[in-house]
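First to last, the sequence lines map onto chains A and B.
Read in the numbering used here, the first sequence has 91 at position 91, and its numbers run on one by one without any break.
Throughout, the numbering used here is defined as the position within the second sequence, counted from one, plus 357.
Everything labelled a hint here was simulated from the structure, so no lab data went into it.
Glycine residues also receive a C-beta, built at the ideal position from the N, C-alpha and C atoms.
Hints are supplied without guarantee of correctness; some may be wrong.
[Said to hold, decoys possible] Simulated DEER-style distance windows between Cβ atoms:
(1) B/R416 x A/T310: 15 to 21 Å
(2) A/R96 x B/N381: 46 to 52 Å
(3) B/E423 x A/L314: 55 to 61 Å
(4) B/E438 x A/I285: 42 to 48 Å
(5) B/A369 x A/R51: 47 to 53 Å
(6) B/H449 x A/L71: 20 to 26 Å
(7) B/L445 x A/C95: 54 to 60 Å
(8) A/S70 x B/L448: 38 to 44 Å
(9) B/K400 x A/T310: 17 to 23 Å
(10) B/E423 x A/L111: 26 to 32 Å
(11) A/P152 x B/F396: 32 to 38 Å
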Amino acid sequence: MQHQQRFRGNLSQPAYLILACLMHGPMNAVALRDAVEQTEDLFTEPGTLYRVLAKLEQRGWIEALDSEESLRSYRITEIGLLAVRQREGAPSALCRGKEILMRLVIWILRLYPPGWRERYEAEMVALLEQYDVTFWTVLDLLIGALDARLDPHYRRVRPLVPLRRLRTSWWLMTSAWIGFWLGLAFWFSMWDMGIGPDASWCNAGGECAMRHLVGALTPSVISNMGTLAVFTFLAFVAALAQILKSREAILIVGNKWEKRRDLLLGLFVRMLALLVTGGMGLLCIISGIWLIAIWSLFPRINLYYSGTQTQLLLGFVMMLLATIIALFALMRGSLALRGVYAASPKQEPLQQVHEQG
Amino acid sequence: MHKKQFDLGRFADPSLLILASLANGSKHGYAMMEDIFQFSGTKLEPGTLYAALARLERRGWIEALEAEDRRRPYRITGAGEVALREQLKTLHRVVSIGQQRLSST
């Protein structure tokens, strides 16, 4: 109202009261409602409280704590604290530049695992407010986040819904396919320049012998327009799949026929993914061999077509990266699928599949 | 250094500095960093500091005290003092041998 709202959106009265209550310590929804209603009679509708909590959680101002009980507790985050102080008009102890830096830092701190943050985040922020934050500090924080993530101490058994994992694996994989296709495209321009195995511009000698040796292996595959066509088609399918498959893996819902159909679909998708990833890997290998073989010739090629070297290298690196990502996504997806199959439809099916970290 | 010493890995140095810093009383994070910079000239970054603190705490060599105004002081425990003494003994040996050898050539 009187104060300038620097945060996106207004901090409404119910939200403010919830945050203020949480400043005293984490609470669950029931306790929150009681606490708030002592001040103002706001949450007459039971749904309102949960709606506000959901919105606060989405903004990152509060965070749900893991708990064994059926009712989840919430705690206020650093950003939430900032929002409250903003609203209360507390004069910021930090200057403008520092505030922006602190926002960046707080955002980085969100990369740390939740267990770590419950314990250390508050004191870390207090320290960083005093400290002279440099680029190295930020880098160090990032490394610390990686270190904390890898630490088995902070791994917990999370009720991870494998569906989400499956979805992200699918996205990763199809993105990798598209990336691979782009990398391959860099290579195809090579043939326009005529440095395929039958190029007549090299003089006889050791180099060309080597090239012909390798020529048997590689470019017959790469130069084959069919390969390009296949991969173009796959890239198109992948793009389409990304759009359509937003409700994929509905899996295991009541009806037996549906279950069978979805399992089969899952199997088919996995096989397709395996095939494509295998192909990508193969292409990477032979591209790599080809690249090594032709390496010594690059100075000469660059006379005719400058920048070829960079282009081929770039293409190769992209293909390699895409293959690695696709492999990773494949493994991740397989694990998630296994989790889904393991969950029997009789019990609590997908919601609570325990997974290690 | 001893083998069993620290599968603290790359946090062996910061841990030593932290223990030395806490040896004369409890401190919170920022005070620790200032102190360490003063007596050793090492600028310890917050990320590394807290990673080392977490490891030390898990071993029971330091202990976290009540936080006041978001800043939480730490103090060294008995086990931590023992560990620090051992480390310093080893280091002292290294220092004296090293100086001896340098002065004798």
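Hint-by-hint comparison with the structure:
no.: 1; hint: B/R416 x A/T310: 15 to 21 Å; verdict: violated, 50 Å
no.: 2; hint: A/R96 x B/N381: 46 to 52 Å; verdict: violated, 38 Å
no.: 3; hint: B/E423 x A/L314: 55 to 61 Å; verdict: holds, 56 Å
no.: 4; hint: B/E438 x A/I285: 42 to 48 Å; verdict: violated, 57 Å
no.: 5; hint: B/A369 x A/R51: 47 to 53 Å; verdict: holds, 50 Å
no.: 6; hint: B/H449 x A/L71: 20 to 26 Å; verdict: violated, 56 Å
no.: 7; hint: B/L445 x A/C95: 54 to 60 Å; verdict: violated, 42 Å
no.: 8; hint: A/S70 x B/L448: 38 to 44 Å; verdict: violated, 54 Å
no.: 9; hint: B/K400 x A/T310: 17 to 23 Å; verdict: violated, 39 Å
no.: 10; hint: B/E423 x A/L111: 26 to 32 Å; verdict: holds, 28 Å
no.: 11; hint: A/P152 x B/F396: 32 to 38 Å; verdict: holds, 34 Å
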